[in-house]
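Trainee: These protein sequence lines are chains A and B, in that order.
Numbered according to full-length UniProt numbering, the first sequence spans residues 1 to 274.
Numbered according to full-length UniProt numbering, the second sequence spans residues 1 to 269.
No incorrect hints appear here.
Output of the computed footprint for chain A on chain B, the stretches with three or more beta carbons under 8 Å from beta carbons of chain A: (1) 67-81; (2) 94-101; (3) 119-130.
None of these hints come from the bench; they were simulated from the model.
None of the values given here were measured: they were computed from a predicted structure.
Think of the CB as a built atom: it goes at the ideal place given N, C-alpha and C, for glycine as much as any other residue.
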Amino acid sequence: MSGEHSSMRLLDDYARGDTEMAADAVWALEAHLETCAMCRSRLAASVATEVPGIATLLDTVRAGLEPQLDAAVRTPSRRHRPRWLSAWLTPAMAPWLAMTVVVTLMALLLDSLARPTFFGDTSPVLAIAPVLPLCGVAASWSRGLDPAHELTASTARAGLPLLLRRTTAVLVVVLPGLLVGGWLTGTMTAAQWLLPSLAFTSTALALGSVVGVTRAAIGLAVAWGVVVAPAWVTGHVPLALRIVLQPDQLPVWGLLLALGIGAVIARRNAYSTL
Amino acid sequence: MTPTTSAADTAPKTYAWEIRASGLRVRVGRKKMAVDGLDLSLGIGTHGLLGPNGAGKTTLIRTLATVLRPTEGELEMLGTCVGATVDHRALRRRIGCLPQDFGYYKRFTVREFVEYMAWLKEVPKAAIPGAVQRAVERVGLADRADHRMKTLSGGMVRRAGIAQAIVNDPAVLLLDEPTVGLDPAQRLRFRELLQELGRDTCVVVSTHLVEDVAAACSDVVLFADGRLVFQGTPDDLAAAGGPDHPGDSPLERGYSALLQGSEQPGGTW
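Full structure from sequences and hints, please.
Mentor: This is how it looks when you write it as structure tokens:
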């Protein structure tokens, strides 16, 4: 194996710092030493036997440095948030998600206190559940709401994958709240609001590729508000709303969801320059 | 530690210019053509992008950063055509960009901020801590790395911005007004960094400070009303001016001489 490793004579010369060694030989030897642990250990042995002066010098330097090295404690890095969190959420989205959770709680409270006088037989949670995720989605990719948007926009991850990550994070926060709420109050089944809210979210993303995600989300929420508001004011649920929230309308919501997802996939490249 | 090399670093270069634009037009808003028929070729080196306010410098930088889409014309960066329906992911990994007004999350520390940007730029996960440390050290913020962004002064925030721009070792580095808010000593240090980066990177620095260009740039691009007015070395720019042109230095005189032809009808300002 001597053809692949340096000879002991060469290593001894190198350890002594022999000035006779040709520059190209030194270069080749150092290049080899960098990659070969075996020759490095042979060099270490050679230093100990051939030039004990260097070994003692190193020991003295080390002894002199040791107190300082012991004193230098690495400052603990002040990490407040785990790294994976910022991969899914931006700090700009946090207040919007908090607001969504508060709105959900309010609606649940309303549901258990004053449902009959306000909404007829339709639960208020059911009325707002479809558009609840939109608040978070609006904040997930927004020039106005996200201070770091300008920096993010030119990075490799900007575009649909990042948007989908953030939308997933919104849904992960919003949907369990609704699920638990609906189960506690017992006024609605998951199927009644889950499909509509997913359909609204996917439609917002699809429209977002044309007009911007924030605009699309706000527009859809306002449109839904216009449909729901009369019920709030008159205390009587319009026929249209009653029909769209019936459990047997689920295929329609399912179709909307599928259309939204299809549109998002078709326009997947448009998201990188929103 | 040896710097990691990727396949992209060692691949043969198949393009002549890092940035090549021909007949480039970019519309901002409904009517305004901020870049209006630009022909430009930029290679390795530090290029100073000079021009009066409203010349379209920021729009050009944002177009080069692939944030804005070209309305018309051709733009080729690192051999890739930047167009309407192309996925820019691979190209964006090799671009570093510092916008003029960049926002950040105030509660992030400098290290968290640069780490987050490195993650967004798809720097390999194992290489992130090393790359972040190198970038932070290069801009001289190593001692403030674990301080929150909101505790930093304006100049330090700007340096943190430069750190995030260079964290992915970009092949094209775009800096929009990077010297705003830096004190004279930092500015000198920054010019050294620019010269260092310009050895193997195509750096485009937009500025309206002529002295920055003189000190740090190997090439000057003079830009007015969305069009190229002049491209050449700082010496060429200085040679264009005569003693009767307004300005305090040869470069400033050259600058005003070249811009005289394209003066806007907007009064003395």
